[in-house]
Amino acid sequence: MSHDTEEISVGEMLRRHGISRRSFIKFCTAAASAMALPPLMGPAMAAQLVNARRPSVIYLSFQECTGCLESLTRSFAPTIENLIFNIISLDYDDTLMAAAGGAADAARAKAMQENFGKYVLIVDGSVPTGADGGYCTAGGRSAVDILREASKGAAAIVCVGTCAAFGGIPLADPNPTQAWPVTAIVGDKPIINVSGCPPIPEVITGTLLQFVATGTVPDLDEHRRPKVFFGNTIHDRCYRRPFYDQGKFAKSFDDEGARNGWCLYELGCKGPTTYNACATLKWNGGTSFPIESGHGCLGCSEPGFWDKGSFYSALSTPAWGKAGEASPASVLKIAGAGAVAGGVIGVAAAGLGRLRQHRQEQPSVDNEPKGG
Amino acid sequence: MDLLSFARGTGLKVALAVFCLGVVWRILAFALLRIRRDLNEPRASVPRSLAGGVLAIGSRSWPHPEFIGRTGAGEALGYSYHLGLFVVVLLFGPHITFLGSLFGFTWPALPSSVISVISVLTFTLFLAVLFRRVTHPVLRMLSNFDDYFSWFITMLVIVTGLAATAHVGGPYETLLGLHILSFDVLLIWFPFGKLMHAFYIFPSRAINGSLLARKGAVS
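Residue numbers (my numbering), protein chains in the order written: chain A, 473 to 844; chain B, 224 to 442.
No lab work stands behind these hints, which were simulated from the structure alone. Ideal Cβ placement from N, Cα and C applies to all residues, glycine included. There may be inaccurate statements among the hints.
Said to hold, decoys possible - DEER-style ranges, computed between Cβ atoms: (1) A:E728 with B:R257: 51 to 61 Å; (2) B:N431 with A:P646: 53 to 63 Å; (3) A:T688 with B:V357: 50 to 60 Å; (4) A:Q718 with B:R257: 51 to 61 Å.
Just need the whole structure built from these sequences, with the hints factored in.
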């Protein structure tokens, strides 16, 4: 962790580490490829990166499980060590840094002061606001306070993980800590959401790399996610998609269909409604992704994914939310309530109808033959 | 709450309850009415009258030979799109999963490609039905808002279903949400419009047939 970001460019840092220009261009081409950018973007990115100042990065962890940071440490393109030693200057991360307590806080304060208006703020975890922010504190200060202070001098904020981006599991009903995403607390800064539980490591590093290379916020979707990674659904790029089109669905996780790689839609796969790069970038250096391992997508990169019903109910089936899963018993309850109400109204309507019939059948006084 | 969550959650719940309420209401309001006493001497025994009712269900469901030239095409059109709807609703995999979660049991599905072909055919037949309704002078005169809205809402379910399956016209979650939402609206409209014929058609034919048989007429 260093604060020499003003003086040293990425190119200079690479030269000091003995990395050749050729190797650097190869790295940039691989990174551009991982981000699904056009082939010509590799050399262009290298040209921009080599002169780019290594930005100071402050990584704040709030109400989270550290899974996102665990994911980041498993990035292959670029690797975490390449990222934090050569491309960015990671000046504060209370999990990775050697310093702790007051020394760590001092390092954060110094980085914020020296790079005011220029540093990238990474936020991991949701921000609890209940109990005056008392559900998440560090050094005696609440997460809300720390976030508000740190966001003031940030050039951009990158929300890593679904908790920071959309509130994630802490925000799930009943949200006991009144947790919120960063966008609900900070409104005046460019915010990039890199959602996922956890996000794909290359999506985190790729987003940072793109920001460092271009100095601008990438094209974002309506949830502020980089379109380059979140532009397609997992279903769009899934290798099981042809089976969906053919109507071949696995009925259970160990049936013949599942073994033959048939579509997991009926087993609750949320791939059709989930925007992420799992099916293209995959995990563990492109080894596999959940659907390839035989399990449906949970939709973890989408807002409110924890409250959208069972992970094992197909998207086309009823989802009663808090009231539980749709079942014949629950349907009977709803239908029964409707039928009873309908029965009461129906009997009343029939009674009125009979009354009308009776009146119509009564001989009218006016029509009776006049006696005489 | 997003559109899809609403459509398959609260929206569907309300629609199911209103559907059941409306169906029971309308059936009871009809069934509990007093049948006017027929003071004429019956021309057929009670069993023959009942048999006449059953026969009428069959005979009225088929074109009368004398009028087949005039009514045959319309009836063929009607039967075709009803058949298409039944196949698509009951034999498409995701629909079976949906119905299975409601009723607790499932059955085999047809391949999606077959369903797609039948859906497009049904869609085309639906357009033909509308064309016939607006071009046929008698049908046009008999038609009111109920006929056109019932056509529209059924067509909307078909179109959104086709779009969702083919992933055309928008994000899948929006298309699926619209498809289920339009089905919710159809369920709510069902008991209060002419779609209720699904419940009335055979009992009304049977009652008419029975009454005619009692009078000695062959229906």
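So, going through the hints one by one against the coordinates:
For the pair A:E728 and B:R257, the supplied restraint of 51 to 61 Å holds, since their beta-carbon distance comes to about 60 Å. Under the hint 53 to 63 Å, the C-beta atoms of B:N431 and A:P646, about 58 Å apart, fit the expected range. Between A:T688 and B:V357 the C-beta distance comes to about 55 Å, which sits within the given range of 50 to 60 Å. For A:Q718 paired with B:R257, a C-beta distance near 57 Å keeps the hint of 51 to 61 Å intact.
Checked against the numbered hints given earlier, this structure breaks none of them.
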